[in-house]
Each structure stands twice: as C-alpha cells, then as structure tokens.
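**Q** In our numbering, the protein residues as written are -2 to 289.
Keep in mind that the hints were calculated from the coordinates and are not lab data. One thing to keep in mind: the hints can contain errors.
Unchecked claim - Simulated restraints, written as ranges between beta carbons of each label pair:
#, residue 1, residue 2, range
1, 59, 121, 24 to 30 Å
2, 51, 122, 34 to 40 Å
3, 179, 76, 32 to 38 Å
4, 59, 2, 44 to 50 Å
5, 76, 7, 43 to 49 Å
Claimed, not checked - Taking lysine-lysine pairs in the DSS-like style, the calculated list, with each CA pair at most 30 Å apart, reads:
#, residue 1, residue 2
6, 77, 54
7, 121, 77
8, 63, 223
9, 123, 66
Heads up, the beta-carbon is just placed ideally off N, CA and C, and yes, glycines get one too.
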Amino acid sequence: MKEFKRIGNEDAVHTYARMLQEMTYEDIPPEVIQYDKWIILDTIGAMLGGSRMDGIKTVVDMVKEKGGKPEMVIPLYGGKVPASEAGMAIGPMARAADWSAIHLEAMHTSEHTLPALIAALGLKEKVNGKDFLLAFALGQEILIKIGNAWKPTYAVGHGRSNGHYIFGSTASVAKLLGLNYEQCLNAWGIVRSMTQPHDMAAFHPICHMVKIHHGYVTQDTINAAKWLCAALPDLTMKLSPVSAAFLAWQVGQLIPKSCGTGLARNGIRRSLNPNPSPGVSRPQRRSSAFGN
C-alpha cells in the first residue's frame, strides 16, 4: 500500500500534490474501486432525479443562452457548451434532490467531485474508465481528509463557509487532465479565492443558492484547470501555509500530519458513508466490505 506522508514541516497541500502525481490505479485497493463505482452510480441517480427539480431548467436555459465553444454536452438536456458552463448546469443537478453520498464529518462529497469530472470530459479527447475512477477516488480522498480537519458540521452551525469542497473537485480534474505538481498547487490557490462568497451565500438562508453553489464550484474548478492548461503567463497563485490551512484554523485545529497518508483501506473505510443517499440505497451496500 503506497502512502504519502508529510516530509518534515511540509504543508499538507504539497503532500496532496505529490499524491496526485504519483498515485496509480493499481495503488487503490479493489474494494475501494468497487465502492467508488457504487458511489458514482448513486450520484448519477441523484442527478437524474435532481435534473427535474425546481430551478434546474432555469440554470440550464441560462447556460445555453450564453453559448460559447461547444466542448461538453449538458447531460439529460442536450446541447453542447463550454466545459465550464456545462459544469454550471451539472453541479446543481447533483445537489437538488439532496440524495448523494455524504460523509458524517466532511459532509457532501461526490456531488462535488463527479460533476466536475463529467464536465472535464469535454476537455480531453479520450478518457478510459481506470483514469476516471482514479481521478474520482483521489478527489474524494482529499476532499474528505481536508473536511475532517475543517469539521464543517461545526462550521455551518457557527456561520462559517464550507470552502473545502472545491479542493476535492479540483484534485479530481487535475488528475484527469494530467496537471503537473506546480499546476496542482496553483489550481488550489486559484480556486481557494474564487469559491468562498458562493459558500457563504449558500447558507444565509438555505435556499436555491445551495443548488447553485454546486454549479459555481464545478465552474470554478474547470476554469482554473483550463487557465493552467493554457499556460497563461505568470498565472501563479500557490497557497501559502496559512491559506492552505484556512479550513481548520478558524476552529483552532491545524491540518494534522496524518492527513498526508494515501488511500489506506482503513482511511477509506472510515471516510465514505456506507449508506449513501438515505432511503434510496440498495440493500447490498449495507452489507459491503465497509461495514455499518
């Protein structure tokens, strides 16, 4: 089992960037791959249901009206739009029904990573299943580990935003598109500054903005990746050690060194909800290798 531990006083985001560069499909335990397949199918089901809920068609219509380079089809509605705009339409579908997988501490997971990966398919000519699953697994792992440090269940109750989600979606897209170590660090730096206002708006009060927030997270993720792939001059915005730990310092807990560990079986067993989408999960999920 390959592990990625922090080197000396290395900031956790550098550890995660190394993990994104070096982790391969073969490094992931088979039971984790199987579980991630279930999570993906579950989230697609949530998107199917969410695609017809209040406000979603309005978002899709607005995206189509904007037009642009035809890169990615909008699932379930049709029409090719720029990948980032497809993300703006896909993200709310995954959140609208509130049926997707959830982690008891890091909270919403796949409804951020999967829409971003689907939108990113429009930026790559060919993607095989192994590469897609690897990118999804790594995005989930990073989102959950940072979420465990940030403790959003505490944050939401104290008026703070859940800015950790975009780190997971950005990790997934960075892996899928083959961003290098420096690009990964810059991608996280860029999205860190882009998504926060939307996070706060999602909870004051809870309304349709909760759905739209997921569109912004996906859109910002794709835009950051596109800018870095385009090699724009001087596009450097790495996270400083303080910014990298922003998810945790507000509650007085820095990201622990153990967050640098890779996809260990026990870590995944604790990290993913064994019963995603309460009320609609199939019985076999409850008897999976991940326990109760």
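**Q** Are any of the numbered hints broken by this structure? If so, which, sorted upward?
**A** Of the numbered hints given earlier, the structure breaks none, since each of them holds.
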